[in-house]
Amino acid sequence: MGFIGETIDSIKSIQIRQVLSQAVSLGMIVTSALIIWKALMCITGSESPVVVVLSGSMEPGFKRGDILFLHMSKDPIRAGEIVVFNVDGREIPIVHRVIKVHERQDTGEVDVLTKGDNNYGDDRLLYAQGQLWLQRHHIMGRAVGFLPYVGWVTIIMTEKPIIKYILIGALGLLVITSKD
Amino acid sequence: MHSFGYRLNVLLTQAVTLLALMCVIASLSDTLNVPSPSADVRVLHINWLHKQRNGNDEVSLTMNISADLRSTFTWNTKQVFVFLAAEYETEKNHLNQISLWDAIIPSKEQAKFSYHTINKYRFTDQGNNLRGQEYNLTLHWHVMPKTGKMFSDKVITTGYRLPETYV
Numbered sequence: 001m002g003f004i005g006e007t008i009d010s011i012k013s014i015q016i017r018q019v020l021s022q023a024v025s026l027g028m029i030v031t032s033a034l035i036i037w038k039a040l041m042c043i044t045g046s047e048s049p050v051v052v053v054l055s056g057s058m059e060p061g062f063k064r065g066d067i068l069f070l071h072m073s074k075d076p077i078r079a080g081e082i083v084v085f086n087v088d089g090r091e092i093p094i095v096h097r098v099i100k101v102h103e104r105q106d107t108g109e110v111d112v113l114t115k116g117d118n119n120y121g122d123d124r125l126l127y128a129q130g131q132l133w134l135q136r137h138h139i140m141g142r143a144v145g146f147l148p149y150v151g152w153v154t155i156i157m158t159e160k161p162i163i164k165y166i167l168i169g170a171l172g173l174l175v176i177t178s179k180d
Numbered sequence: 001m002h003s004f005g006y007r008l009n010v011l012l013t014q015a016v017t018l019l020a021l022m023c024v025i026a027s028l029s030d031t032l033n034v035p036s037p038s039a040d041v042r043v044l045h046i047n048w049l050h051k052q053r054n055g056n057d058e059v060s061l062t063m064n065i066s067a068d069l070r071s072t073f074t075w076n077t078k079q080v081f082v083f084l085a086a087e088y089e090t091e092k093n094h095l096n097q098i099s100l101w102d103a104i105i106p107s108k109e110q111a112k113f114s115y116h117t118i119n120k121y122r123f124t125d126q127g128n129n130l131r132g133q134e135y136n137l138t139l140h141w142h143v144m145p146k147t148g149k150m151f152s153d154k155v156i157t158t159g160y161r162l163p164e165t166y167v
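Note that the protein sequences, when read in sequence, are chains A and B.
When the letters of the first sequence are read in order and numbered with full-length UniProt numbering, they come out as residues 1 to 180.
When the letters of the second sequence are read in order and numbered with full-length UniProt numbering, they come out as residues 1 to 167.
Hint data in this document are derived by calculation from the structure and do not stem from the laboratory.
Just so you know, not all the hints are guaranteed correct.
[Claimed, not checked] Calculated pairs, BS3-like style, for lysine-lysine (alpha carbon to alpha carbon, straight line, at most 27 Å): (1) B:Lys112 to A:Lys63; (2) B:Lys120 to B:Lys78; (3) B:Lys108 to B:Lys154; (4) B:Lys149 to A:Lys63; (5) B:Lys154 to B:Lys92; (6) B:Lys120 to B:Lys154; (7) B:Lys112 to B:Lys146; (8) B:Lys78 to B:Lys112; (9) B:Lys154 to A:Lys74; (10) B:Lys112 to B:Lys51; (11) B:Lys78 to B:Lys146; (12) A:Lys38 to A:Lys74; (13) B:Lys78 to B:Lys154; (14) A:Lys63 to B:Lys108; (15) B:Lys149 to B:Lys78; (16) A:Lys164 to A:Lys63; (17) B:Lys120 to B:Lys108; (18) B:Lys108 to B:Lys146; (19) A:Lys63 to B:Lys154; (20) B:Lys92 to A:Lys74; (21) B:Lys149 to B:Lys112; (22) B:Lys120 to B:Lys92; (23) B:Lys108 to B:Lys78; (24) B:Lys120 to B:Lys51; (25) A:Lys164 to A:Lys38; (26) A:Lys63 to B:Lys146; (27) A:Lys63 to B:Lys120; (28) B:Lys51 to B:Lys92; (29) B:Lys149 to A:Lys74; (30) A:Lys63 to B:Lys51; (31) A:Lys38 to B:Lys149; (32) B:Lys149 to B:Lys108.
Okay, chain B solo, but in the shape it has when bound:
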């Protein structure tokens, strides 16, 4: 009954169960945090807008991205992945989402930032619909926990418009 194997088994089961319970509680505690982040995205300059050789339009932007995501950090947060996506509708596609820039924020101290940058990934359309195109810039962030459930949220800024002609 109280053999070595039996005791070892009980000890291991107990340890694993407790560890799992602690992980669940840590993840649940994240839901108690109500973040109040702020973000501000500005397009400073359209560097160029042209048609690629394969017929797709491509544009290059210079942007200023500032945000304060400090309130999304909790004790169970490993990092926050933040990215800026251009979102627009064309005749062919009812949604186009193009990631323009992203960053990994490893700690709360670095969660208040302001970046002056051109788009890191190519802003290319499927087709040639970018002239005069209206689009939104949405700052998304994905909270990656040390353990448990992942969270995400976004701030949408509307009312941007690309130039009517190739520049």
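Next up, chain A with everything else stripped away, as it sits in the complex:
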């Protein structure tokens, strides 16, 4: 019976309290990140308050890897604004500038045409087949702020997943081994 007693003792010596407190602090980090993201969603009214620029179609204003802050207010959409929109049948949203607006007299519905600053022609080629205009429901938000380079972190992580796993592993190891 001495053997079982020893095993239990050795398990007890792992210091359950310390393990628990590390688990809790890890959970706090994850949840606070989630809270910040959801709070941003509420404040900006946009389903993705921050987007990373993936293409060079808005150069030299926005380069690949730059970050845009979006805001989606009730204000009507006007020419010149940089909007983020989703086209039916395309997964990745596009960030381009509005060049034409037609707003209905009776219903207030809008027809919007966009173009990338660095593109030669307008976006009708990018829209769904036969689609001439974007409507309000296609638009996810308008860009209000800009931060350069930071988006490279996510671009690198999505294109080279190994780096992501190494990073997560290293961080996890740090959390587990740190005694403070």
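Got chain A sorted already, so can you dock chain B onto it with the hints?
Okay, now just chain B, sitting in the frame of chain A:
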């Protein structure tokens, strides 16, 4: 307590916080700039006004666009995007905004300009309401910063009118 990992963590956190603070201050400093831009837009010639095959009216203009936007540039300005839009009201739409011309101004030295140009994008109506149509020409500019908040402003010139018949 003062392990390598701990020090690295503090150093990184400090660096990122300071960088973020500097970006915020740089963006806030933009609001101190009170620009006094000027713009002058003239329609020199109506090249043609006709009905397209799909029934929409289209017009072609020759314009002279001159502006001095040097005062919109600050140390945090990457570029200014300037465009000219025709704006008018029809029975169907209470606002039509059609971008006719645009340009990217990369530096303060190039912010005083005068362009003699035809409309770069098609001036097409949704319908056939362009004959005798009154419209405004508005020069918009959007200041794109190196970091932080974007600004925009405009100068509206009113009282233009398209010809009563197709030409």
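A quick look at each hint next to the structure:
1. Note on B:Lys112 and A:Lys63: the hinted pairing holds, with a Cα-Cα distance of about 26 Å set against a maximum of 27 Å.
2. Between B:Lys120 and B:Lys78 the alpha-carbon distance is near 24 Å, which keeps this suggested pair within the 27 Å criterion.
3. The suggested pairing of B:Lys108 with B:Lys154 holds, with an alpha-carbon distance near 18 Å, which does not exceed 27 Å.
4. Using a Cα cut-off of 27 Å, the hinted pair B:Lys149 and A:Lys63 holds, with the two alpha carbons roughly 16 Å apart.
5. Of the pairs offered as hints, the one joining B:Lys154 and B:Lys92 holds, with about 25 Å between alpha carbons and a cut-off of 27 Å not exceeded.
6. Distance restraint check for B:Lys120 and B:Lys154: the Cα-Cα separation of roughly 19 Å lies within the 27 Å cut-off, and the hinted pair is therefore satisfied.
7. Only pairs whose Cα atoms come within 27 Å are accepted, and B:Lys112 paired with B:Lys146 is accepted, the gap being roughly 21 Å.
8. A C-alpha spacing of about 16 Å is found between B:Lys78 and B:Lys112, which places the hinted pair at or below 27 Å, so the restraint holds.
9. A C-alpha spacing of about 21 Å is found between B:Lys154 and A:Lys74, which places the hinted pair at or below 27 Å, so the restraint holds.
10. Only pairs whose Cα atoms come within 27 Å are accepted, and B:Lys112 paired with B:Lys51 is rejected, the gap being roughly 36 Å.
11. Using a Cα cut-off of 27 Å, the hinted pair B:Lys78 and B:Lys146 holds, with the two alpha carbons roughly 5 Å apart.
12. Distance restraint check for A:Lys38 and A:Lys74: the Cα-Cα separation of roughly 19 Å lies within the 27 Å cut-off, and the hinted pair is therefore satisfied.
13. The suggested pairing of B:Lys78 with B:Lys154 holds, with an alpha-carbon distance near 19 Å, which does not exceed 27 Å.
14. For the given pair, A:Lys63 sits about 21 Å from B:Lys108 by alpha-carbon distance, which is consistent with the 27 Å threshold.
15. A threshold of 27 Å between alpha carbons decides the hint, and for B:Lys149 with B:Lys78 the separation of about 12 Å falls inside it, so the pair holds.
16. Straight-line distance between C-alpha atoms of A:Lys164 and A:Lys63 comes to about 23 Å, which keeps the hinted pair within the 27 Å bound.
17. Proximity of B:Lys120 to B:Lys108 is assessed by CA-CA distance (about 24 Å); at most 27 Å being required, the pair is judged to hold.
18. The straight-line distance between the Cα atoms of B:Lys108 and B:Lys146 is roughly 14 Å, inside the 27 Å bound, and the hint therefore holds.
19. For the suggested pair A:Lys63 and B:Lys154, the alpha carbons sit about 25 Å apart, so the restraint of at most 27 Å is met.
20. Under the criterion of a C-alpha separation no larger than 27 Å, the hint pairing B:Lys92 with A:Lys74 is consistent with the structure, at around 22 Å.
21. Under the criterion of a C-alpha separation no larger than 27 Å, the hint pairing B:Lys149 with B:Lys112 is consistent with the structure, at around 24 Å.
22. Of the pairs offered as hints, the one joining B:Lys120 and B:Lys92 holds, with about 25 Å between alpha carbons and a cut-off of 27 Å not exceeded.
23. Under the criterion of a C-alpha separation no larger than 27 Å, the hint pairing B:Lys108 with B:Lys78 is consistent with the structure, at around 10 Å.
24. Restraint check: the Cα-Cα separation between B:Lys120 and B:Lys51 comes to about 19 Å, which is no more than 27 Å; the hinted pair holds.
25. Distance check on the hinted pair: A:Lys164 and A:Lys38 sit about 23 Å apart at the alpha-carbon level, within 27 Å; holds.
26. Straight-line distance between C-alpha atoms of A:Lys63 and B:Lys146 comes to about 11 Å, which keeps the hinted pair within the 27 Å bound.
27. A threshold of 27 Å between alpha carbons decides the hint, and for A:Lys63 with B:Lys120 the separation of about 24 Å falls inside it, so the pair holds.
28. Taking the CA atoms of B:Lys51 and B:Lys92, the gap is about 17 Å. The hint holds against a cut of 27 Å.
29. Taking the CA atoms of B:Lys149 and A:Lys74, the gap is near 19 Å; set against the 27 Å cutoff, the hint holds.
30. As the CA atoms of A:Lys63 and B:Lys51 are separated by approximately 40 Å, the hinted pair breaks the 27 Å bound.
31. Straight-line distance between C-alpha atoms of A:Lys38 and B:Lys149 comes to about 22 Å, which keeps the hinted pair within the 27 Å bound.
32. The suggested pairing of B:Lys149 with B:Lys108 holds, with an alpha-carbon distance near 19 Å, which does not exceed 27 Å.
Violated hints, listed in ascending order, are 10 and 30; each of the other numbered hints is respected by the structure.
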